[in-house]
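Asker: Listed below are the residues making up each chain.
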Amino acid sequence: AQSVTQLGSHVSVSEGALVLLRCNYSSSVPPYLFWYVQYPNQGLQLLLKYTTGATLVKGINGFEAEFKKSETSFHLTKPSAHMSDAAEYFCAVSEDTPLVFGKGTRLSVIA
Amino acid sequence: NAGVTQTPKFRVLKTGQSMTLLCAQDMNHEYMYWYRQDPGMGLRLIHYSVGEGTTAKGEVPDGYNVSRLKKQNFLLGLESAAPSQTSVYFCASSNPTDYTDTQYFGPGTRLTVL
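Quick mapping for you: the protein sequence lines, in order, are chains X and Y.
Going by this note's numbering, the first residue of the first sequence is number 1, and it counts up by one from there.
Going by this note's numbering, the first residue of the second sequence is number 112, and it counts up by one from there.
Don't read these hints as lab results, they were simulated from the structure.
Every residue, glycine too, gets a C-beta built ideally from N, C-alpha and C.
One-sided excerpt, in silico: chain X residues whose CB lies under 7 Å from chain Y: (1) 43; (2) 51; (3) 98; (4) 102.
In silico DSS-like links for lysine-lysine, alpha-carbon gap of 27 Å or less: (5) X/103 with Y/168; (6) Y/181 with Y/120; (7) Y/168 with Y/125; (8) X/49 with Y/168; (9) X/69 with X/49; (10) X/103 with X/49; (11) X/58 with X/103; (12) X/68 with X/58; (13) Y/120 with X/103.
Sequences and hints are given; from them, build the entire structure.
Answerer: As structure tokens, this is what we get:
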């Protein structure tokens, strides 16, 4: 069965610094991978997803993620953090089945 | 388009009481989902539906029932609420292709069971 591990329940970065949120997955077949973001008191919204094709995926708000099969990873990055990026981020995996979400990483951005 | 809406936004129940949470979507999506979100646990799937009249169990279905009588609505019922069901409940829907499609989430219902 598929699963997702997000390393670090809370990450804090300075404004303008690199954002790196880690996600490792377990899947018995080529997976579909997702990053969702949740702003305070809101539902989740899709940042980006990998299904097939190019392993570097670009999403909204300047975020991108790279699918690395050899490392079973799908880490989320953004070159320069903005205060508005403060939110909770969820990695998710699907084997053409309902999504399985990680436990989330809360990103704080310090001015 | 309103997207995905959830009713109510907040609710407080006493142990043993029942209630129904309503999810409605106006995007003509076939797939609908109910999740619960608890601190440090991420989102866990309760039940889902791949079309009108169909439902299936997710990861944590015990204590909940669902119905999908109309394509645009997905109801989540608690027959006898327990404190362990205190949580934030999210509904989501997605396009009628497969599970790789983007899920669109409602704003959530915060439920407290005393």
